[in-house]
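If you read the protein sequences in the order shown, they are chains A and B.
Numbering-wise, the UniProt record's numbering puts 126 at position 126 of the first sequence, and it's gapless, one number per residue.
Numbering-wise, the UniProt record's numbering puts 117 at position 117 of the second sequence, and it's gapless, one number per residue.
Just so you know, not all the hints are guaranteed correct.
Claimed, not checked - Simulated crosslink set (BS3-like; lysine-lysine; CA at most 25 Å straight-line):
| id | chain 1 | residue 1 | chain 2 | residue 2 |
| --- | --- | --- | --- | --- |
| 1 | A | K104 | B | K104 |
| 2 | B | K106 | A | K104 |
| 3 | A | K114 | B | K104 |
| 4 | A | K3 | A | K129 |
| 5 | B | K106 | A | K112 |
As the list claims (entries may be wrong) - Negatives, chain B to chain A, calculated, CB over 10 Å:
| id | residue |
| --- | --- |
| 6 | Y9 |
| 7 | F12 |
| 8 | M25 |
| 9 | V43 |
| 10 | E66 |
| 11 | S103 |
| 12 | T107 |
| 13 | P111 |
| 14 | D130 |
| 15 | K135 |
| 16 | N137 |
The hints are simulated quantities; they were obtained by calculation from the structure and are not laboratory data.
Even for Gly, the Cβ is constructed at its ideal location relative to N, Cα and C.
There are 2 protein chains.
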Amino acid sequence: MKKALDEAYFAFEKGEVPVGAVIVMNNQIIARGHNLTEQLNDVTAHAEMQAFTAASNFLGGKYLQECTLYVTLEPCQMCAGASYWTQIGKIVYGASDMQRGYSKLKTLLHPKTKAISGVREDECSQILKDFFLSKRNNN
Amino acid sequence: MKKALDEAYFAFEKGEVPVGAVIVMNNQIIARGHNLTEQLNDVTAHAEMQAFTAASNFLGGKYLQECTLYVTLEPCQMCAGASYWTQIGKIVYGASDMQRGYSKLKTLLHPKTKAISGVREDECSQILKDFFLSKRNNN
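For reference, chain A alone in the conformation it holds in the complex (with noise of 0.2 Å):
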């Protein structure tokens, strides 16, 4: 998570809304992705999508089983409708996004992924919070 949260301080610094992501498998990371809608002007840019593609690539398949996500903030509908499909063995997140996350949401997870929560969630949610802090002070 330390990683991840590495990739939530890029977007950061882009002024995007600060969450990271990283794919391992066998004590690896495989792939790396941080928040990029603003900069790439989509909605789909969210870290674990960029990391899913980036992944896959590594791979060369598309499915993820023996793969772990981590991730600074719960996945949102898409992203974990995305983790459905990459039949993805564990997703673990730090920050619980009571809001839009996939959990108040009942978004489906694959019957093979498991899910933990709130690794490192003290320090995930900080950077959030510093984030809209700082943009409300500078408007």
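Based on these hints, arrange chain B on the given structure of chain A.
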């Protein structure tokens, strides 16, 4: 929807599950997409996702409130979740997906999004049936 079906036929010819999408604004097609998950080895490469990205590129903005998505198959959780973020004005789809479709799985659409189903449903279903029949006959 005729143009979305044309996109689905392009997918069919490439050996992809034949789903096609177009996005229309002011009676003009501003984006097209067809399923490329096999070719790109990427589960995120659904027709709708590509069309959302292309429409945002075309408009230079990530919101699609004035747009209508025409897609041959009912969007899945991922694509419906993406549509939430785009705030798209309308979704018109052909065939229903009783297993993986967003309405069965109760994915939340944006409050501004209207959805219409069953447009050219028979043609949109038939191309999928033809595809899976051809796959079975080739195996």
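Violating hint indices (sorted, rising): Hints 9, 12 not satisfied by this model.
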